[in-house]
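Enquirer: With the hints as constraints, model all of the structure from the sequences given.
Numbering of the sequence shown is given in UniProt numbering, commencing with residue 1 and proceeding in unit increments.
The hints are simulated quantities; they were obtained by calculation from the structure and are not laboratory data.
Just so we're clear, the structure is a prediction, and the values are computed from it rather than from any experiment.
Be aware that a few hints might be false.
[Stated by the list, open to error] Computed cross-link-like contacts, DSS-like style, restricted to lysine-lysine with a CA-CA straight-line distance of at most 30 Å:
1. Lys103 / Lys175
2. Lys71 / Lys54
3. Lys123 / Lys160
[Unchecked claim] Each pair of labels, with its calculated beta carbon distance range:
4. Asp33 / Tyr100: 22 to 28 Å
5. Asp65 / Ser147: 40 to 46 Å
6. Asp202 / Asp33: 44 to 50 Å
7. Phe50 / Asn22: 15 to 21 Å
8. Asn70 / Asn205: 29 to 35 Å
9. Glu145 / Gly245: 23 to 29 Å
10. Asn73 / Tyr24: 36 to 42 Å
11. Asn232 / Ala141: 21 to 27 Å
12. Leu66 / Asn205: 40 to 46 Å
13. Asn73 / Glu37: 29 to 35 Å
14. Glu193 / Tyr67: 40 to 46 Å
15. Lys197 / Glu145: 25 to 31 Å
16. Asp65 / Arg34: 36 to 42 Å
17. Lys54 / Asp77: 16 to 22 Å
Glycine included, C-beta positions come from ideal geometry on N, C-alpha and C.
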Amino acid sequence: MKYVKLLYEYIDVFLNFIYPRNIYCILCSASIDRDEEYSICYECKRKLKFIYGKTCEKCGKPLNDLYLINKCNDCVDNTYFFTKAVSCLEYDDLSKKIIYDLKYHKKRYISYHIAEIIYDRLKEENISCFDIIIPVPLHEAKERERSFNQAYLIGKYISKMTEIEVDNKALLRVKNTVTQNKLTKEERMTNLEGAFKVVNKDNINHKNILLVDDVFTTGATVNRCSKILLENGAKRVYVATLATGRNM
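Expert: Structure representation (structure tokens):
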């Protein structure tokens, strides 16, 4: 496994030569100026729905103005174990393309730009009090199939930007669950039972954790991870994702 990870590091370096940053837009492939943020052209950036304004104080989903409190109905009705979650973009066809190009079209270089977007969002939300970064893990069979864990790639770059350690060993997915986006909310909860295990308690004990993933939908996955981490000694868990849905 160590040699595989080393190979991935070489692949990252190689990809940076093939796809130099800030030359082409990661969404439309148009040529861009070197100083364009996130390697996204002006027109595509204008179309992306960046999350600003009123959001749920717990899960970070954008709220419309009819909400009288800063908490969505899901967070009022359900127990979430993380302290706070933040996302950067509303999940729509455009933000979905960024994620799918990374996960399924194997455009690993996009993980750097996702990390940039998340890092800026964390600064906006004044979330800096974490001691360690943990990516939501993939089961080893799924990681072999995909050849990488997108959450780890994103977490690795956030680690470089913050100079805070990323640990993809402390939390493992020990159950090869089916894809969550095909399940109902209740099925998602059942699907995740017994899915995660902490194997390095010393590295999370009494620590504030930043849990990183690509998308926050119902929050079932990050909530189960948060619960396991807290039960094994973590102090607090914050969640950061690129995209999330809107609570109407």
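Enquirer: Each hint: holds or not?
Expert: Now for the hints, and whether the structure bears them out:
Taken as a hint, the Lys103 and Lys175 pair is honoured in the structure, with Cα atoms around 20 Å apart against an allowance of 30 Å. Simply put, Lys71 and Lys54 have alpha-carbon atoms about 10 Å apart, close enough for the 30 Å limit, and the pair holds. Under the criterion of a C-alpha separation no larger than 30 Å, the hint pairing Lys123 with Lys160 is consistent with the structure, at around 15 Å. In this structure, Asp33 and Tyr100 meet the distance hint of 22 to 28 Å, their C-beta atoms being roughly 26 Å apart.
Under the hint 40 to 46 Å, the C-beta atoms of Asp65 and Ser147, about 44 Å apart, fit the expected range. With their beta carbons about 47 Å apart, Asp202 and Asp33 fall inside the hinted range of 44 to 50 Å. Taken as a hint, the range 15 to 21 Å holds for the pair Phe50 and Asn22, whose Cβ atoms sit roughly 19 Å apart. For the pair Asn70 and Asn205, the supplied restraint of 29 to 35 Å holds, since their beta-carbon distance comes to about 32 Å.
Checking the proposed 23 to 29 Å range against Glu145 and Gly245 shows it holds: the Cβ atoms sit about 26 Å from each other. About 41 Å separates the C-beta atoms of Asn73 and Tyr24, a value consistent with the hinted range of 36 to 42 Å. Look at Asn232 against Ala141: about 24 Å separates their beta carbons, and that is inside 21 to 27 Å. As the Cβ distance of Leu66 to Asn205 is approximately 43 Å, the hint placing it in 40 to 46 Å holds.
Distance hint check: the CB atoms of Asn73 and Glu37 are about 33 Å apart, consistent with the given range 29 to 35 Å. Taken as a hint, the range 40 to 46 Å is violated for the pair Glu193 and Tyr67, whose Cβ atoms sit roughly 32 Å apart. The hinted range of 25 to 31 Å is not satisfied by Lys197 and Glu145, whose Cβ atoms lie roughly 21 Å apart. Here the CB-CB span from Asp65 to Arg34 is close to 39 Å, well matched to the stated 36 to 42 Å.
Judged by the Cβ atoms, the range 16 to 22 Å given for Lys54 and Asp77 holds: they are separated by roughly 19 Å.
Hints 14, 15, counting from the list given before, are not met by this structure.
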